[in-house]
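Chemist: Hey, can you work out the whole structure from these sequences and the hints?
If you read the protein sequences in the order shown, they are chains A and B.
Residues in the first sequence are numbered consecutively from 1, following our numbering.
Residues in the second sequence are numbered consecutively from 1, following our numbering.
Rather than coming from a laboratory, the hints here were simulated on the basis of the structure.
Hints are supplied without guarantee of correctness; some may be wrong.
What the hints assert, rightly or not - Example chain A residues on the side facing chain B (calculated, C-beta under 10 Å, incomplete): (1) A20; (2) V25; (3) G30; (4) R114.
As the list claims (entries may be wrong) - To spell it out: a stretch of chain B is covered by chain A in this simulated footprint if at least three of its residues, at any positions, have a beta carbon under 8 Å from a beta carbon of chain A; those stretches are: (5) 46 to 56; (6) 149 to 159.
As the list claims (entries may be wrong) - For the chain B half of the interface with chain A, some residues (derived, Cβ under 8 Å), not all of them: (7) R16; (8) Y18; (9) I36; (10) V39; (11) A43; (12) P59; (13) I100; (14) L140; (15) K177; (16) K182; (17) T189; (18) L190; (19) G194; (20) E232; (21) P233; (22) V234.
Only a predicted model underlies this, so the values are computations on that prediction, with no experimental measurement involved.
By construction, the Cβ of each residue, glycine as well, lies at the ideal position given by its N, Cα and C atoms.
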Amino acid sequence: MSAGYKAVQWNAHKRAYDAAAVSAVVVFVGVYVGVSAAALGPDSPGPEVLALRGLGLCGLALLHAALCIGPMARLWPGLSPLLYNRRHLGVMIATIGASHAAIAVGYYGGFGVRNPVLAVVDSAPTFGSVSRFPFETLGMLALVILGVMAATSHDFWLRRLGPRAWKSIHMFVYLAYALLVGHVAWGVMQSEPGPVAPALLGLGVLTVSGLHIAAGLKELRGARVGGGAPAQAAGDGTPWVDGGDAGTIADGRARVVALPGGDRVAVYRQGSALSALANRCAHQGGPLGEGQVIDGCVTCPWHGYQYVARNGSSPPPFTDKVATYRLSVRSGRVLIDPRALPPGTDVPPTPIAPSGGVPTAGSPRAEDPS
Amino acid sequence: MTTADPAPTPPAAADRIYVGYLPATPRARRVATIAIGAVVAGAAALGGVIAAAQRPAGPAVWDEQPQTWDGYVLEKPYPMLIGGTQQSPTVYLLVGVGKIGAQDPLKGLGGKPARVSGTLISRSGQGIIELHDGDSVTPLAYDPGSDLPFSSHVASAGPESRAGEIVDFKCFLGAMKPGDGKGHKACATLCILGGIPPAIVTPTQGGGFEWAVLVGTEGAADPQGVIPYIAEPVRVFGERWDVRVLDRPVMAILAIDRIERIGG
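Modeler: What follows is the structure in structure tokens.
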């Protein structure tokens, strides 16, 4: 969390993360170049081509890793340390991709009678043919997307653009991934016959898509779909939503409840009381309900952004806010007013009534749902 | 009806979720250590597997040691030097630095003796000379006592078709490795546009290749005619012409009648 902006706010974890990522890049490229020279001897590709291929393949492998980290951390929360510094991974991928493109443009497009960039993307274009589609164009488009993502990855842009717009831009990573799969399928796989390239690429696509599907299914199963409770209606007739058994929410943890409109609410328990806030972190949309109460604050599992549960506001000096919701507990069941309150609205915690106890309303402004 | 109590136990400190700016829990440290090891080992394995699966780029060599050659220049359809001796004639195509042909430095020297300086790019016994920048061509005086193979002509060998890949001959012989395939298409296109001779190459048993320089129907260079077909499996139909030195064929030239893509 931060109240101001620095280029990079380093800490020991980020340094270790980046060191591991850089080590993996160096090892990949080093082994690739070394094995190429050893296995092919004088028939090995030239040093420029080895660098070009090594960087391109490394960037694609890293992109697979970056895309898998998100769903893996959802499926196995213990892996969340891998998620923490993913933006640095993204910047690294864009840098590696730009290096790959620079070598390709200089080596294949340079030393001639045309502009090097045009020579690469516009040489005898065969856009109308499926089998002869110019793979360079796909790679260039992907690089543009990755470049925009890297350039806007800083929290400065996150704040300027707003979390939704920022997230929308960064969802284009999936388009970039599809373009890069095409770049390889129409490029390397047509130049390098053999089963290894298609097998590895197919395995990568299956892994990325499989993990995303599995994480989505887990989220669908995990989020309690709140049903309407007709007997519980707010002043405008909106039915309150049944959020399940109040007593089974672990202290310091939350239950995520899907509202009829699709929004999700994180119902947190702190001691013997409940508070509800939007499940989307104001930072990057992280799943607050999968977080934990740490030092008295709801803490996002993605980057540790914190909020006071009763008002959805980050503790001073931070200024981030999320919407809050009014709660009621009736006969041990959590009831949620589905109308989100403005971010930062204070809602006193709702005590969990003892078995068979009298329901209590969670807000001084709340209409008694009974 | 459910009960609210007893309340579940709060998570122990060791079960705290990972938060980057807080001291790592032992569990997070364990995960990070395993993950780093797995990622680095995976990177090594992946790099090795991909490298070992590559196709060989071919036994192409660019000898960067400058050399000089004496011979007779042929300007058309592409600059070449006929040298060696009368007993053992040689022929080398001549190209400029980068992706530029050697047409300009050899202009007006057709049929005349000259000394050229440059570097030799060769593959499987076939070479091409890249001229230096600047004064790389020196006209020589005619020497009737020279052992140069001065008698050369071009003769038709009749209709012929060849299957293979259209490449720029400079890169294919070793200016780039690999100098063929779709990954090299943009470069080959640029080379041929710049005046480097296009050729159709056909792999042979043992890693060798047969080749013929490609020209238009009229026997002149025709880069636009081959550009749409570069780096694809094709069959070229046309009339073959042989460059003959002392009546021995030393180079095949295929005057294109038509080109068909193989497999669509």
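Chemist: It remains to establish, for every hint, whether it holds in the given structure.
Modeler: We went through each hint and held it up to the structure:
1. Of the supplied interface hints, the one on A20 (chain A) holds, with its beta-carbon coming within about 4 Å of a beta-carbon of chain B, less than 10 Å.
2. Against a cut-off of 10 Å between C-beta atoms, the interface hint on V25 (chain A) holds, since the closest Cβ of chain B lies about 7 Å away.
3. Taken as an interface hint, G30 (chain A) checks out: its beta carbon lies about 7 Å from the nearest beta carbon of chain B, inside 10 Å.
4. Taken as an interface hint, R114 (chain A) checks out: its beta carbon lies about 6 Å from the nearest beta carbon of chain B, inside 10 Å.
5. With 11 residues bearing a CB less than 8 Å from a CB of chain A, the stretch 46 to 56 of chain B meets the requirement of three and the coverage assertion stands.
6. Coverage of the stretch 149 to 159 of chain B by chain A is violated in this model, with 0 residues showing a Cβ closer than 8 Å to a Cβ of that chain against a need of three.
7. Nearest Cβ of chain A to the Cβ of R16 (chain B): about 6 Å, under the 8 Å cut. The hint holds.
8. Taking 8 Å as the C-beta cut-off, the interface hint given for Y18 (chain B) holds, the closest approach to chain A being about 4 Å.
9. A cut of 8 Å between beta carbons decides the hint on I36 (chain B): the least distance to chain A is about 4 Å, and the hint holds.
10. The beta carbon of V39 (chain B) comes within 5 Å of a beta carbon in chain A, closer than 8 Å, and the hint placing it at the interface holds.
11. Nearest Cβ of chain A to the Cβ of A43 (chain B): about 4 Å, under the 8 Å cut. The hint holds.
12. At about 6 Å, the closest approach between the beta carbon of P59 (chain B) and any beta carbon in chain A falls short of 8 Å, and the interface hint on this residue holds.
13. A least Cβ separation of about 7 Å between I100 (chain B) and chain A falls short of the 8 Å threshold, and the interface hint therefore holds.
14. For the restraint placing L140 (chain B) at the interface with chain A, the shortest Cβ-Cβ distance is roughly 30 Å, beyond the 8 Å limit, so the hint is violated.
15. Interface restraint check for K177 (chain B): the shortest CB-CB distance to chain A comes to about 4 Å, inside 8 Å, so the restraint holds.
16. The criterion of a C-beta within 8 Å of any C-beta in chain A is met by K182 (chain B), whose closest approach is roughly 5 Å, and the hint holds.
17. Annotation: T189 (chain B) was flagged as interfacial toward chain A, and the flag holds, the nearest CB pair being 4 Å apart, inside 8 Å.
18. At about 4 Å, the closest approach between the beta carbon of L190 (chain B) and any beta carbon in chain A falls short of 8 Å, and the interface hint on this residue holds.
19. Here the hint on G194 (chain B) is kept, as its CB sits about 5 Å from the closest CB of chain A, short of 8 Å.
20. For E232 (chain B), the interface hint holds, the least distance from its beta-carbon to any beta-carbon of chain A being 7 Å, beneath 8 Å.
21. With a least beta-carbon distance of about 11 Å to chain A, the hint placing P233 (chain B) at the interface is violated under the 8 Å criterion.
22. Proximity of V234 (chain B) to chain A is violated relative to the hint, the smallest CB-CB distance being about 12 Å (cut-off 8 Å).
Checked against the numbered hints above, the structure violates hints 6, 14, 21 and 22; every other hint is satisfied.
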